[in-house]
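Q: Protein chains in written order, with our numbering: chain A, 1 to 527; chain B, 1 to 365.
It is worth saying that the hints were derived from the structure and are not from the lab.
Using C-beta positions, here's what the derived DEER-type ranges look like:
no., chain 1, residue 1, chain 2, residue 2, range
1, A, G228, B, W8, 42 to 48 Å
2, A, L23, B, V18, 30 to 36 Å
3, B, W8, A, F352, 39 to 45 Å
4, A, F352, B, L21, 26 to 32 Å
5, B, A71, A, G228, 42 to 48 Å
6, A, I358, B, D209, 41 to 47 Å
7, A, L403, B, A109, 27 to 33 Å
8, B, V18, A, F173, 16 to 22 Å
9, A, E424, B, Q103, 54 to 60 Å
Each residue gets a CB set at the ideal place from its N, CA and C atoms; glycine is no exception.
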Amino acid sequence: MNVKAAVFSWVPPRVGALGNELLIGLTLAIVVLPQAIAFSTTLAGLPSYVGLYCAIWGVLFTALLNPSRVFHGGPNSTLSAVVGVTLLPVAPQFGPDYIGYALTLFLLAGLIQLVFLAVQPLGRVLDFVSEPVANGMICGIGLYMIFKSFPAFAGLPINTQVEWRLWIAWQSFLAVLEIGNMHAIHIGLITLLVTVVTRQFDRFRNWAILLGIVAGTLYSEFLNARLGLGETLIEQTANVSTGFVYPSVPLFAQEAMPDIISIIPGAVTLALLGLFQTVAAMRRMNRRSGQFVDARHGIFADALSNCVLPFISALPTCASFNRMSLMHAMNTGSRLAAVSSALFLLALVSFFGDFIAIIPVPAMAAIIMVVGANMIDWSDIRAHFQHRPEAIVFSASFLSVHLFGLFGAVICGSLLALAYAKWEKAHPNVSLERNVLRIRGNIYYGSLPVIESLYHRANSDARFDELVVDFSAVHHIDPEGIRWLAEVGKNHKVRFADRRSGQDRRAAAGEAPADRKRKDRRRRRTL
Amino acid sequence: MKRLLPGWKKAVRLALVVSVLFGLYALTLARHDERARIREQPVTLTPGCADKLARYGLEAGPRYISPYVLARTEQANTRQGYSDEDVRAIQRGCNIIDDLQGQLAADPARERWNATRFVRGTHSSCDHCHQGIGDKQTAAGVPQTGSLSLAASWVMADMYDQFTGILLPYELRQMQCYINSSNGYKPNVADDLIRDVTAYSRFLAAALDLRFGNRYAEQGIDEVTASQTAKRGDDYVRGAALFKERCARCHGPQGLGTVVDGKVLFPAVAGPNAFNLQSRNNFSFVSTILPGFICRNMPPGEEGTLSNQDCRDIGFYVSNLPRPAGDKQGPLAALWQQLMMRVMPPLIHTVETWQRPGEPAGSGT
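Go ahead and model the full structure; you've got the sequences and the hints to work with.
A: Have a look at this one:
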């Protein structure tokens with residue numbers, strides 16, 4: 001990967017397209033603004049500026065480092081949820097300790113991502129988090145986000161108990177019904193309805209969240225004017241204008257070490273989920289836009305940005321599917337769009353901070369509910385449920401988010417996906433038609449028992465004098481398979497049919513180095 | 001027609017979402033109304049609460065003068081009075097402390113704010129640890145030292161937690177009781193369950209004239225540390241013998257409690273109805289609290305007859321009986337403890353009756 005060439009390879013916007021790029025930038029800035037505030041306050045438990053700085057500096061850094069022209073980094077719902085889940089048992093939310101731990105968590109995640117960049121085989125590991133695993137987790141997190149926003153939706157304090165998430169969700173739901181602040185519920189409902197209804201019209205689809213928030217804020221202001229904030233008790237987003245940057249230092253005190261060690265699994269989850277989303281989003285965009293950018297550029301940009309962002313009070317960044325789809329739909333021609341979106345947002349926050357500060361928290365919670373519901377994509381789920389093993393892997397990783405937490409879900413889902421792949425390989429498609437034994441798939445130690453049992457049945461069949469073993473459709477034979485084939489070859493009744501080549505390649509090459517080379521390649525393939 | 005179809009689908013889906021939202025909204029209104037109605041209903045007090053609140057002269061009025069303080073100091077300490085609503089909140093709080101499971105209530109769910117939702121098991125009640133309905137007094141009418149007094153706890157309102165170092169408001173400190181001591185779950189901080197208990201604790205502090213920020217002897221527990229013993233170390237075997245001798249007649253040979261006619265006479269100290277492994281009552285977690293409680297309060301009627309060493313030995317033994325896992329110990333520990341709680345009691349029962357077939361079966365529930 002030629003980083004230097006990639007970073008500095010700018011496609012200048014077409015003449016006359018500059019205006020379009022700036023328009024896309026402005027649109028993105030307005031779209032990302034409520035998301036940044038909602039993700040940081042409602043999901044991650046951090047002050048709103050942390051999300052905003054991520055939407056400014058995270059987007060800017062990734063846009064400068066990543067040569068893809070359809071790439072938009074910034075705050076991400078899944079990552080923010082992971083932050084909230086990981087740090088809940090460590091310190092009370094929004095407190096100085098919590099922020100310190102959060103910055104440490106981000107830095108750890110950034111460093112882990114750097115390791116993934118530096119050690120190539122580790123980067124390949126990302127490809128083994130299969131689609132059902134990732135989708136199961138994302139759906140699980142979507143549902144988790146809906147549950148998590150119940151208390152904020154009704155103006156209630158968040159339940160900080162860590163275990164028994166589904167029970168907590170149910171209790172939070174009952175609490176909304178029984179003791180929720182009715183003013184907060186009204187604001188949340190108005191936001192929810194406006195967002196859901198405007199989303200149905202294609203023209204307003206990208207503006208739905210903003211319109212919902214505007215409606216919720218207007219109603220909240222109306223209530224405050226009529227009844228007073230002391231009566232309504234509606235929590236508002238705090239003041240956001242803190243300047244261009246807000247320097248910060250992650251917490252690495254000695255007495256904090258046990259807690260820091262306890263959040264390392266969370267950091268690994270954060271790093272993996274971030275990279276996975278970036279890689280998957282870039283692959284999808286490559287397919288759509290026709291521009292091919294190696295996903296390693298994305299890993300590079302993310303890892304580097306995430307090592308810098310903790311020092312300027314920002315959430316970790318990773319690719320955003322919905323904003324990148326928006327960019328693609330608006331025909332982005334260069335990286336200028338992403339860069340300008342960061343600068344527009346900086347201007348918005350600097351000049352309109354006072355207006356952002358009055359956004360009520362229940363409206364934010366309603367937005368998180370919509371975002372969470374959007375993460376549950378029925379078309380994806382339906383595709384996975386057409387194939388039973390995929391359905392099992394999907395359901396397992398979906399459920400394990402709620403039962404074992406996110407890290408547990410990554411481990412559980414990946415193990416299941418690997419087990420499934422092994423199971424598939426261990427059950428090659430072997431068929432016996434008269435005296436022809438056809439093997440499709442792999443001949444290796446795991447699948448040999450299945451093949452051998454059928455072979456012996458065919459071999460002991462007295463009706464035929466000859467047994468043809470056809471392995472034309474076999475794509476991998478391991479040494480044990482070769483030994484078995486050699487044994488079978490000694491049986492005079494058996495004739496091999498391998499239509500791939502008429503010759504024995506081993507005999508032709510003959511020398512040891514060639515053999516080792518092939519073995520190496522095979523090892524690389526299995527890695 | 002074909003072109004219309006996706007539009008229709010969209011409209012139906014939207015209508016479904018909107019109607020679900022409105023349905024939930026209607027349900028919310030109904031539940032809020034019910035809650036408000038319960039808050040306005042007169043409260044039926046438990047006998048203990050009726051006695052205690054009458055003694056402290058709780059009634060609505062512009063001023064409150066505590067008869068308890070008046071009798072002891074012969075000075076009328078005038079405080080701001082309570083509204084009808086305050087009085088009902090205090091009464092409900094007292095009922096919750098005295099009878100968390102609602103065994104004395106006509107409609108436990110309504111009269112105790114669904115308290116059993118936040119508690120696993122059928123035994124635990126606040127009064128088991130916070131004895132004397134959160135205000136245990138000696139025969140002389142003085143609050144007992146280290147009796148987990150709710151009043152003294154309230155005046156330490158925003159206290160740094162001794163173990164985690166986190167600044168915990170009184171409402172949040174109640175959570176510990178629900179999660180670990182009752183092996184249950186956290187109610188929401190804004191829940192009426194928490195508010196009413198807080199109201200009751202505040203009233204107790206006013207009735208006893210405890211002042212904010214002061215430390216009182218009755219606050220917390222009178223801990224028994226290892227250095228307060230003969231320093232022989234904590235003896236599990238001796239604890240088992242002492243438990244059989246002094247505790248088993250009420251708590252049962254395996255500590256599973258005594259229930260008669262559905263009423264808990266003596267709570268379980270082991271098994272599914274007891275405090276869990278992460279409770280501070282658990283000797284292996286905090287070794288000074290359970291011995292302190294035992295020395296001060298056990299056995300009822302014979303308090304003070306156990307030495308510090310006895311209390312520590314009994315605490316050590318009791319904590320090692322099978323009990324639920326803590327909420328942060330994960331599903332595997334929970335599963336293991338469940339297995340132990342199911343398997344061990346019948347196994348021990350079988351072994352003991354098999355060894356001494358002549359004697360009446362002492363073990364079991």
